[in-house]
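As given, the protein sequences belong to chains A and B, one line each in that order. Take the first sequence: its position 27, counting from 1, is numbered 27 in the working numbering, and each next residue is one higher. Numbers in the working numbering are just positions in the second sequence, counted from 1, shifted up by 1000.
Hints were generated in silico from the structure; no laboratory data involved. Cβ coordinates follow ideal geometry from the N, Cα and C atoms, glycine included. Misleading hints may appear alongside valid ones.
In silico DSSO-like pairs for lysine-lysine, Cα to Cα no more than 30 Å straight-line [to be verified]: (1) K1056/B / K1172/B; (2) K108/A / K1172/B; (3) K1056/B / K1259/B; (4) K210/A / K1256/B; (5) K139/A / K1259/B; (6) K70/A / K210/A; (7) K126/A / K1093/B; (8) K139/A / K1025/B; (9) K55/A / K207/A; (10) K1025/B / K8/A; (11) K139/A / K1029/B; (12) K1025/B / K126/A; (13) K70/A / K1256/B; (14) K55/A / K1029/B; (15) K234/A / K207/A; (16) K126/A / K139/A; (17) K1029/B / K1172/B; (18) K1093/B / K1025/B; (19) K108/A / K1029/B; (20) K210/A / K1029/B; (21) K207/A / K8/A; (22) K8/A / K1259/B; (23) K1056/B / K139/A; (24) K55/A / K234/A; (25) K1093/B / K108/A; (26) K1256/B / K8/A; (27) K55/A / K8/A.
Incomplete in silico selection of chain B near chain A, CB under 7 Å [stated by the list, open to error]: (28) Y1012; (29) A1037; (30) G1055; (31) K1093; (32) V1099; (33) F1100; (34) L1102; (35) L1103; (36) A1104; (37) P1105; (38) H1108.
Here are the chains, one letter per residue:
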Amino acid sequence: MHPAISIKNISKNYGALQALDDVSLAIEPGEFFGLLGPNGAGKTTLISILAGLVKADHGHAAIMGADVQKNFRDARRMLGVVPQELVFDPFFTVRETLHFQSGYFGIKNNDAWIDEIMAALDLTNKADSNMRSLSGGMKRRVLVAQALVHRPPVIILDEPTAGVDVELRQSLWQFISRLNQDGHTIVLTTHYLEEAEALCQRIAMLKQGKIVALDTTANLLTRYGSVKKDGEGKTDLEDVFVNIMSGGAL
Amino acid sequence: MKNALNKPILEYGSGFPTLLRKEIKRFYKVAFQTVAAPVLTAILYLMIFGHVLEGKEIYGRLSYTAFLIPGLVMMTVLQNAFANTSSSLIQSKVTGNLVFVLLAPLSHFEFYAAYILAAVFRGIVVGLGVFLITAWYGLPDLEYPLWIMVFAFLGAAILGSLGLIAGIWADKYDQLAGFQNFFIMPATMLSGVFYSIHSLPPAWQMVSHFNPFFYMIDGFRYGFFGVSDISPWTSLVIVGSFFLVVSAIALRMLQKGYKLRH
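Bound-form chain B, shown alone (with noise of 0.2 Å):
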């Protein structure tokens, strides 16, 4: 080996690209297992309800299963952006190779863009790969494909800062999980991907409003058929703060080195 030092000095780009590179090869590498096997539980979701619930209409004049494929669609790019984030810091810091990026000359903005910007990438290849195989049942409309992306990004990048923050946060797996299952599957189930909040009592569609997962997949909704619970424009700047507020408390964990270094 060659004299390191004597090299010609080398240039310093930004450590960004390869770790978004790298996040996104960790989940291509277990495809069967983050891509295929979401699909499927959507597939089965879709036939078990919109069998059992064949002939109600929504809106007054979508059938339940047209109704339905937006929902498991936003709801599948939600729990997959969240999956991603969190399971790989968990993992990272269990096993210990977060040194590696750790060592790096990466910062807080950097560390947040990769993790975030591979869960967007991971949540919506699912998602894609769901309309694609419930469109089979029949292709919901497109009315506005810029709500849909607008919504499904906004979507996903809340949940993989949500992921990262319950990464960063949890020291064990059960933490983790505790996480995902009394808060992320709740909000995620309670906010409309099996109904429309009209059909719930007067108290259940308060509650409804609390819940900033509604109007990711309200709005998400509307983008199909130009039709929603509320206005898009609010789900907008709810969805648009929810982000921003999430975002800022991921991006402060990792600038102050929270249970990272210590």
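In isolation and in its complexed conformation, chain A is listed as follows (with noise of 0.2 Å):
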């Protein structure tokens, strides 16, 4: 079986920034994996090369087995990205929006999926409403459900939670939760560091285009046990996150 992610020596430069040397990595089917760093690690380079937004200057990339630039057909039917800027087209109501990206993937007759949707992520007594109108809230709910009106297997969420208020984090992380208990594989790379040791079952983290880390939450923890900041309680993923980045050995 395929991993659900394959990424094998990728590199990018944007001219004389390296925005990622050498990553490799492999995601199985059903993780919940999370992808952390600092801004300007990679973590977006990382995600628009899986989707084929950018392309790599070295290295190859695959979801479910899928070349995403020679198999891009296969490799983007298998991925539902849901992009960190809160983009929108102000033409359209919400249920156009989510029938428009259906049928960009070919997709017909495809309304009870769209209904289901709109419903578990309450937008559906905003379905007829434009676009401009909704709040950041729900733009960000209609983006989640564009990246699933496909089906996918493979759920990428690169920052779903920035900006957004409280109540609506918890539903989203509910609704993301049941995703992968249902068997669909997700990566999500946050700064919200609790949610990724609450939710994630491994983790990479991402410096300066490079990994520095990769292991299951629970080894992460227990290695860097012994380094909480003020010396008392329980060693979390923030403590486990600074130590790295700030140069900490594995």
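Mind docking these for me? Both chains are given alone in their own frames, and the hints should help you get the complex.
Structure (structure tokens):
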């Protein structure tokens, strides 16, 4: 069986800036995987390469065995991406937006599934509202719905809770956890490390385009069990993160 | 919500029809701006130039108003086809929502075909609107309808392709405005919409022959009157070749992901 996501020796430069440096990684089907790192570490570049939005200078990436460049149709059909920015098309309603997104994947007669997603994300009563009229939190829900219209087995969420209120964050995580329990592979980037600690089974940490830590969440916490800043209480993922980013050895 | 992965396997077709429908619906939603406004502009041209140049004959038998109508129709077709692709792309790029199309399994051919056919559709809808309204001033002949349709389609497809190239190339609205104001607009205005190039001094006649827009207008006008400044077959070869060139450039940009997939 192919890994849900396979990344082999990926490098990417933007001029003199090396965004990714020989990154290799495999994420198994059904995992809830965290991709962490400070701003500019290369997380979004890596996600963009998987989504086909950015081309790697070197290396290969595949979704469920489909190369993201050579077999882009299969790769994109198996991947749903929730982008970091709150982007939307101001011409259309929520329902139109989801119908178009479904149609871009060549799926016909998808109304029942679209209705289900809208109900699950509490968007039903906004279905005929123009995207411009929605609050930021509602727009974020539509982005999640758009990533799910083609029922992808692999879902990547790029900082989906940035700037959203606590209530929405919690309902979003409940929803994403349910998708994971149903068998979807979830890849998450977030700066809320307590969320990553609670949700992710395995975590990779990126720093200046390189993977500097890759292990199960439990192992990372155990390995760094003695790095609590104030020397008291239980070590959490934030302590581990700070230690690794400040150059702590694995 | 039921488990999505346990549902029947989806059957995937092409995303092209949906992208085409979305691009058509996009301009239809603002039809007052995208259809009614250019029709009004064309009518104003006709009223002003038709009145000022009343009594002037072209090709020895056509009233100036009759001569002007096909030119105005074609100018409207061209400008609106360009506007459809260029404005859609620059808006989607600036606001970031182009990502939804880029994430989908659409090939560069599907992307190109959807944007260009939507541009052709808008160009012809607006052109038809201008034709129907201006026909009130005097219905022009329709000698060879097939020539009219061929040149309308090719002209709109060329300008749609140029709009796509400009929309991809431009990072900002003012860059797109520069492309439109310093290339599309002069080439359109100097293409013989308002005059026969035989009325120009020899040097300017020569210059006009380097303007591909001239052949679009002249060939289109031939379909109405059966007379033109040059042979419609020559125009067809030049316009067809130009279409292949701009299509090849646009397709290459899409295939390489120029300014779209970094």
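Status of the hints after comparison with the structure:
The straight-line distance between the Cα atoms of K1056/B and K1172/B is roughly 44 Å, outside the 30 Å bound, and the hint therefore fails. Restraint check for K108/A and K1172/B: the C-alpha separation of about 35 Å exceeds 30 Å, so the hint is violated. At roughly 49 Å between alpha-carbon atoms, K1056/B and K1259/B are farther apart than 30 Å, so this suggested pair is violated. Between K210/A and K1256/B the CA atoms are separated by roughly 27 Å; this keeps the pair inside 30 Å, and the hint holds.
As the CA atoms of K139/A and K1259/B are separated by approximately 26 Å, the hinted pair is consistent with the 30 Å bound. A hinted pair counts as satisfied when its Cα atoms are at most 30 Å apart, and K70/A with K210/A qualifies at roughly 25 Å. Our distance criterion of 30 Å between C-alpha atoms is met by K126/A and K1093/B, whose separation comes to about 26 Å. At most 30 Å may separate the alpha-carbon atoms for a hinted pair to count; K139/A and K1025/B meet this at roughly 21 Å.
Note on K55/A and K207/A: the hinted pairing holds, with a Cα-Cα distance of about 20 Å set against a maximum of 30 Å. Between the alpha carbons of K1025/B and K8/A the distance comes to roughly 42 Å, so the proposed pair goes past 30 Å and is violated. Among the hinted pairs, K139/A with K1029/B is consistent with the structure: their alpha-carbon atoms are about 21 Å apart, no more than 30 Å. With a CA separation close to 20 Å, the supplied pair K1025/B and K126/A stays within the 30 Å bound.
Restraint check for K70/A and K1256/B: satisfied, since their Cα atoms lie roughly 13 Å apart, inside the 30 Å limit. Between K55/A and K1029/B the alpha-carbon distance is near 35 Å, which puts this suggested pair outside the 30 Å criterion. Of the supplied pair hints, the one linking K234/A and K207/A holds, its CA atoms being roughly 25 Å apart against a limit of 30 Å. Of the pairs offered as hints, the one joining K126/A and K139/A holds, with about 10 Å between alpha carbons and a cut-off of 30 Å not exceeded.
A C-alpha spacing of about 24 Å is found between K1029/B and K1172/B, which places the hinted pair at or below 30 Å, so the restraint holds. Restraint check for K1093/B and K1025/B: satisfied, since their Cα atoms lie roughly 18 Å apart, inside the 30 Å limit. Restraint check: the Cα-Cα separation between K108/A and K1029/B comes to about 23 Å, which is no more than 30 Å; the hinted pair holds. For the proposed pair K210/A and K1029/B, the alpha carbon gap of about 47 Å is over 30 Å, so the pair is violated.
The suggested pairing of K207/A with K8/A holds, with an alpha-carbon distance near 17 Å, which does not exceed 30 Å. Distance check on the hinted pair: K8/A and K1259/B sit about 25 Å apart at the alpha-carbon level, within 30 Å; holds. Using a Cα cut-off of 30 Å, the hinted pair K1056/B and K139/A is violated, with the two alpha carbons roughly 60 Å apart. The straight-line distance between the Cα atoms of K55/A and K234/A is roughly 42 Å, outside the 30 Å bound, and the hint therefore fails.
A hinted pair counts as satisfied when its Cα atoms are at most 30 Å apart, and K1093/B with K108/A qualifies at roughly 27 Å. At most 30 Å may separate the alpha-carbon atoms for a hinted pair to count; K1256/B and K8/A meet this at roughly 22 Å. Simply put, K55/A and K8/A have alpha-carbon atoms about 14 Å apart, close enough for the 30 Å limit, and the pair holds. Against a cut-off of 7 Å between C-beta atoms, the interface hint on Y1012/B holds, since the closest Cβ of chain A lies about 4 Å away.
Hint status for A1037/B: violated, given a least beta-carbon distance of 17 Å to chain A, over 7 Å. Contact between G1055/B and chain A, as hinted, is not supported at the beta carbon level, the nearest pair being about 47 Å apart and thus beyond 7 Å. The interface hint given for K1093/B is violated, since its Cβ lies 11 Å from the closest Cβ of chain A, which is over the 7 Å cut-off. Hint status for V1099/B relative to chain A: holds, with the closest Cβ pair at about 6 Å, below 7 Å.
The beta carbon of F1100/B comes within 6 Å of a beta carbon in chain A, closer than 7 Å, and the hint placing it at the interface holds. Taken as an interface hint, L1102/B checks out: its beta carbon lies about 6 Å from the nearest beta carbon of chain A, inside 7 Å. Interface restraint check: L1103/B against chain A, minimum CB-CB distance 6 Å, threshold 7 Å, status holds. Using the Cβ-Cβ criterion of 7 Å, the hint placing A1104/B at the interface with chain A is satisfied: the shortest such distance is roughly 4 Å.
The interface hint given for P1105/B holds, since its Cβ lies 4 Å from the closest Cβ of chain A, which is under the 7 Å cut-off. A hinted interface residue such as H1108/B counts as satisfied when its beta carbon comes closer than 7 Å to some beta carbon of chain A; here the least separation is about 11 Å, so the hint is violated.
In this structure, the earlier hints numbered 1, 2, 3, 10, 14, 20, 23, 24, 29, 30, 31, 38 are contradicted, and the remaining ones agree with it.
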